[in-house]
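Protein chains: 2
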Amino acid sequence: MEIEFIQKLAKPAETKIVFLVMDGIGGLPGEEGLTELEKAKTPNLDKLAREGICGLHQPIAEGITPGSGPAHLSLFGYDPVKYQVGRGILAALGINFPVQEGDIAARGNFCTIDSQGKVSDRRAGRISTETNQELCSLLSQIKIEGGEVFVETVKEHRFLLVLRGGGLSADLADTDPQVVGQAPRQARSLSAGADKAVKAVNDFLAKAKEVLSDKHPANMVLLRGFSQHPAWPSMGEAFGVKPAAIAGYPMYRGIAKLLGMEILDTGEEIEDQLNTLEKSFNDYDFFYFHVKKTDSYGEDGNFSAKVKVVEQTDNLIPRLMKLNPDVVVVTGDHSTPSLMQGHSWHPVPALIWSKYCRPDKVNKFGERDCLAGSLGKRLPATALMRLALANALRLDKFGA
Amino acid sequence: MEIEFIQKLAKPAETKIVFLVMDGIGGLPGEEGLTELEKAKTPNLDKLAREGICGLHQPIAEGITPGSGPAHLSLFGYDPVKYQVGRGILAALGINFPVQEGDIAARGNFCTIDSQGKVSDRRAGRISTETNQELCSLLSQIKIEGGEVFVETVKEHRFLLVLRGGGLSADLADTDPQVVGQAPRQARSLSAGADKAVKAVNDFLAKAKEVLSDKHPANMVLLRGFSQHPAWPSMGEAFGVKPAAIAGYPMYRGIAKLLGMEILDTGEEIEDQLNTLEKSFNDYDFFYFHVKKTDSYGEDGNFSAKVKVVEQTDNLIPRLMKLNPDVVVVTGDHSTPSLMQGHSWHPVPALIWSKYCRPDKVNKFGERDCLAGSLGKRLPATALMRLALANALRLDKFGA
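Here the protein sequences line up with chains A and B, keeping their order.
Start counting the first sequence at 257; every next residue gets the next number (my numbering).
Start counting the second sequence at 257; every next residue gets the next number (my numbering).
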């Protein structure tokens, strides 16, 4: 279902929607045969499950393990196969660099070139982040014709390059040859109209090579994933909501910003975030509330710590419900089973609570319980946003 | 989900996948109110069902009864609506004729024409297969300009025609008028660039008419379904696997070959096939293991014999599991209820076993038990391949 279709049906309302996203919530059974969510004591989520409807969603498609970016886009109703974010832009989001319209962003690597100019190490021996910072501050001083240069440290050998200047196209090939023994490539346009950008990037590359010439092993740079801030319909345009994000981590704040959400100041603890929600509840009508640590502990393989974050989140539900939201969606962006120490393809438990839910027979919020729920076992994640809007009485009838 | 999408995510791994396909496994209740699979004693499959995940898949779409070709394509991740095999090629696969790239293949019928050259019987009175063989051997001697001619008996009035020669297009209309009282049509191109093929086919038709002139009732031929070996991505290209087929029947070996599987020598008994699997287990990483007789007995309406084949297959599961496969998929290509004596549209029970399955509550491998499983009640069959690859840790994350 295309966003353009929903857009035509969206209508204004006074109702408020909260998306409580426990990152990586889906899991796999631990020693006792229960998943993290099944193991956690969640009386408040269970109550929502009982009153609302449950199921499992699929972020992309059966068997596909999503990155955080695509998984979040799905949750907010944007088909991530259609709405793909360039890697340069993702890198910018990841370090909270404020990309502007018209900027082109690329992922950069410091690399080592030999005396013949050929790449001998694509990662410059994984230099320290401190060295990276020194080098980035040198590269930031480069001046190019008709544009501004921003060079920001990411981590170790990785950095972000942003060029700002009117009319720069991002339709450029990578300069990273992907193998050692070849020289770094020149920038090359992939379509007509990128000549100005080619010139700007090559100008930067030539000057960077000069600046870094005595900085062995980090004596050159490789660039990948040139991209621009995408021109997507904002959530406001698409769904008629006034959305705000309550997320502590840059990556998620970045994605929210891409979709036109207001990014609220908040802390990294769930309780800080809830304070923010309470404070701003009157000012917006869609809230993206992001709990990061379910995912972090899943990635660490720390089963019991993940359980604990779920329980902490559950504890705060009564305060959330006291705000009288019209629709509450509780789910994750994807699964991060502690057992796998990483994202996975497994469907993600989800519940929708509103006074217009037709209750199913699910009484507990857990993976296996949700299998019996009316949202189904593999609901396309993009459907959650539509269902939230419907339950908030924010969608008109289709056809007469 | 397009194969091209999966192709970008596929990554190499040491893991091994076994697809155990019990042809036509899905059934309908017999006298005791149980389906063939429900009736069969299957302790080993039930154990896999308990440890893994279950559900039912839908080969094509709700209500669509698939032929063996499309149903198998779906199982292997190829959308059979997009990847259509021409009928000529299917006929060649069915009799194990080694079609080469560039060949054009057509289904042939011997027919009867009257003194005015009009078709009076499109099937030449269903001549015997023996007569067919004699006539095919005569037609095989036909020489045409710039090409080779192969004419092979299929059965009764049906034969296969293959023309081999550079640059022959298969974009030709059928010569079969589909009704009696009209003359067989001349070959006719359906697009530019088929002139050479038109000439070759008409040359063949004229000479066939001559050869058959005194062979009443089989005194002419009709051709349908001109087609070529399709240029599809092989399973190796698409999914990064090294696949092998352990199938006794030509049709299934043919389909496997179309997808780039290695066709292993084996016998027609399930036990022979298991011996082959054991012998070759180190040499490949994807195995298509085809059990034919569940379907054959279904087609015969022989409920109890179908039950018995399921039990025989179940008996061999411990030997299969001893090989330590990483992922086992057990399912059928479609349903063949004994009650209907033919293929049907009913969803097909399926289970996936791997150490990364999130168990559901299914404890028995049967149609009704599978309804509660986490694969869902109508999983698109093409998703099975993706899920198998995911469980084998052979797919990269989508997006960062």
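Think of the hints as simulated: they come from the structure by calculation, not from any bench.
Watch out, some of these pointers could steer you wrong.
Below 25 Å or equal to it, Euclidean Cα-Cα: the simulated DMTMM-like pairs (lysine to aspartate or glutamate) are [as the list claims (entries may be wrong)]:
{"hint": "1", "chain 1": "B", "residue 1": "Lys611", "chain 2": "A", "residue 2": "Glu555"}
{"hint": "2", "chain 1": "B", "residue 1": "Lys617", "chain 2": "A", "residue 2": "Asp427"}
{"hint": "3", "chain 1": "B", "residue 1": "Lys303", "chain 2": "A", "residue 2": "Glu287"}
{"hint": "4", "chain 1": "B", "residue 1": "Lys264", "chain 2": "A", "residue 2": "Glu287"}
{"hint": "5", "chain 1": "B", "residue 1": "Lys338", "chain 2": "A", "residue 2": "Glu287"}
{"hint": "6", "chain 1": "B", "residue 1": "Lys267", "chain 2": "A", "residue 2": "Asp616"}
{"hint": "7", "chain 1": "B", "residue 1": "Lys374", "chain 2": "B", "residue 2": "Glu390"}
{"hint": "8", "chain 1": "B", "residue 1": "Lys633", "chain 2": "A", "residue 2": "Asp427"}
{"hint": "9", "chain 1": "A", "residue 1": "Lys463", "chain 2": "A", "residue 2": "Asp521"}
Some chain A residues well away from chain B (every beta-carbon gap over 10 Å; in silico) [to be verified]:
{"hint": "10", "residue": "Thr271"}
{"hint": "11", "residue": "Pro322"}
{"hint": "12", "residue": "Val337"}
{"hint": "13", "residue": "Val341"}
{"hint": "14", "residue": "Arg343"}
{"hint": "15", "residue": "Gly350"}
{"hint": "16", "residue": "Gly422"}
{"hint": "17", "residue": "Arg441"}
{"hint": "18", "residue": "Lys465"}
{"hint": "19", "residue": "Pro489"}
{"hint": "20", "residue": "Gly496"}
{"hint": "21", "residue": "His599"}
{"hint": "22", "residue": "Ser600"}
{"hint": "23", "residue": "Glu623"}
{"hint": "24", "residue": "Arg624"}
Computed spacing ranges between beta-carbons, pair by pair [said to hold, decoys possible]:
{"hint": "25", "chain 1": "B", "residue 1": "Ala269", "chain 2": "A", "residue 2": "Ser447", "range": "33 to 39 Å"}
{"hint": "26", "chain 1": "B", "residue 1": "Ala269", "chain 2": "A", "residue 2": "Ser396", "range": "38 to 44 Å"}
{"hint": "27", "chain 1": "A", "residue 1": "Ser447", "chain 2": "B", "residue 2": "Glu534", "range": "52 to 58 Å"}
{"hint": "28", "chain 1": "B", "residue 1": "Arg420", "chain 2": "A", "residue 2": "Gly655", "range": "54 to 60 Å"}
{"hint": "29", "chain 1": "B", "residue 1": "Glu493", "chain 2": "A", "residue 2": "Glu493", "range": "52 to 58 Å"}
{"hint": "30", "chain 1": "A", "residue 1": "Leu649", "chain 2": "B", "residue 2": "Glu493", "range": "32 to 38 Å"}
Predicted model, so just to flag it, every value in this text is computed and none were measured.
We put the beta carbon where it would ideally sit given N, CA and C, even for glycine.
Hints versus structure:
A hinted pair counts as satisfied when its Cα atoms are at most 25 Å apart, and B/Lys611 with A/Glu555 qualifies at roughly 18 Å. Only pairs whose Cα atoms come within 25 Å are accepted, and B/Lys617 paired with A/Asp427 is rejected, the gap being roughly 50 Å. As the CA atoms of B/Lys303 and A/Glu287 are separated by approximately 19 Å, the hinted pair is consistent with the 25 Å bound. Taking the CA atoms of B/Lys264 and A/Glu287, the gap is about 35 Å. The hint is violated against a cut of 25 Å.
Using a Cα cut-off of 25 Å, the hinted pair B/Lys338 and A/Glu287 is violated, with the two alpha carbons roughly 44 Å apart. For the hint pairing B/Lys267 with A/Asp616, the CA-to-CA distance comes to about 40 Å; that exceeds 25 Å, so the pair is violated. Distance check on the hinted pair: B/Lys374 and B/Glu390 sit about 24 Å apart at the alpha-carbon level, within 25 Å; holds. Under the criterion of a C-alpha separation no larger than 25 Å, the hint pairing B/Lys633 with A/Asp427 is inconsistent with the structure, at around 44 Å.
Distance hint between A/Lys463 and A/Asp521 is unfulfilled; the C-alpha atoms sit about 38 Å from each other, more than 25 Å. The beta carbon of A/Thr271 sits about 31 Å from the closest Cβ of chain B, which is more than 10 Å, so the claim that it is off the interface holds. Residue placement check: A/Pro322 does not keep its beta carbon more than 10 Å from all beta carbons of chain B (closest about 5 Å). Not every Cβ of chain B is farther than 10 Å from the Cβ of A/Val337; the closest lies at roughly 7 Å, contradicting the non-interface assignment.
Distance check for A/Val341 against chain B: the nearest CB is about 7 Å away, which does not clear 10 Å, and the non-interface claim fails. With a least beta-carbon separation of about 7 Å from chain B, A/Arg343 fails to lie farther than 10 Å from that chain, contradicting its non-interface assignment. With a minimum CB-CB distance of about 8 Å to chain B, A/Gly350 fails to clear the 10 Å threshold, and the non-interface call is violated. Its beta-carbon lying about 29 Å from the closest one in chain B, A/Gly422 satisfies the requirement of being farther than 10 Å from that chain.
Distance to chain B confirms A/Arg441 as a non-interface residue, since its nearest Cβ pair spans about 21 Å, more than 10 Å. Annotated as non-interface, A/Lys465 keeps its C-beta farther than 10 Å from every C-beta of chain B; the closest such distance is 28 Å. Listed as outside the interface, A/Pro489 is consistent with that label: its C-beta sits roughly 20 Å from the nearest C-beta of chain B, beyond the 10 Å cut-off. Interface exclusion of A/Gly496 from chain B stands, the closest Cβ pair being 27 Å apart, more than 10 Å.
The non-interface label for A/His599 is inconsistent with chain B: the shortest C-beta to C-beta separation is roughly 6 Å, within 10 Å. A cut-off of 10 Å between C-beta atoms contradicts the statement that A/Ser600 is not in contact with chain B; the least separation is 7 Å. The beta carbon of A/Glu623 sits about 6 Å from the closest Cβ of chain B, which is not more than 10 Å, so the claim that it is off the interface is violated. The beta carbon of A/Arg624 is not kept farther than 10 Å from every beta carbon of chain B, the shortest such distance being approximately 6 Å.
Roughly 36 Å separates the CB atoms of B/Ala269 and A/Ser447, a value that falls within the hinted 33 to 39 Å. Checked against the given bound of 38 to 44 Å, the beta carbons of B/Ala269 and A/Ser396, roughly 42 Å apart, stay inside it. Between A/Ser447 and B/Glu534 the beta carbon distance is about 54 Å. The supplied range of 52 to 58 Å therefore holds. Distance hint check: the CB atoms of B/Arg420 and A/Gly655 are about 55 Å apart, consistent with the given range 54 to 60 Å.
Here the CB-CB span from B/Glu493 to A/Glu493 is close to 41 Å, at odds with the stated 52 to 58 Å. Between A/Leu649 and B/Glu493 the CB atoms are about 49 Å apart, so this pair departs from the stated range of 32 to 38 Å.
This entry does not satisfy hints 2, 4, 5, 6, 8, 9, 11, 12, 13, 14, 15, 21, 22, 23, 24, 29 and 30, going by the numbered hints stated previously.
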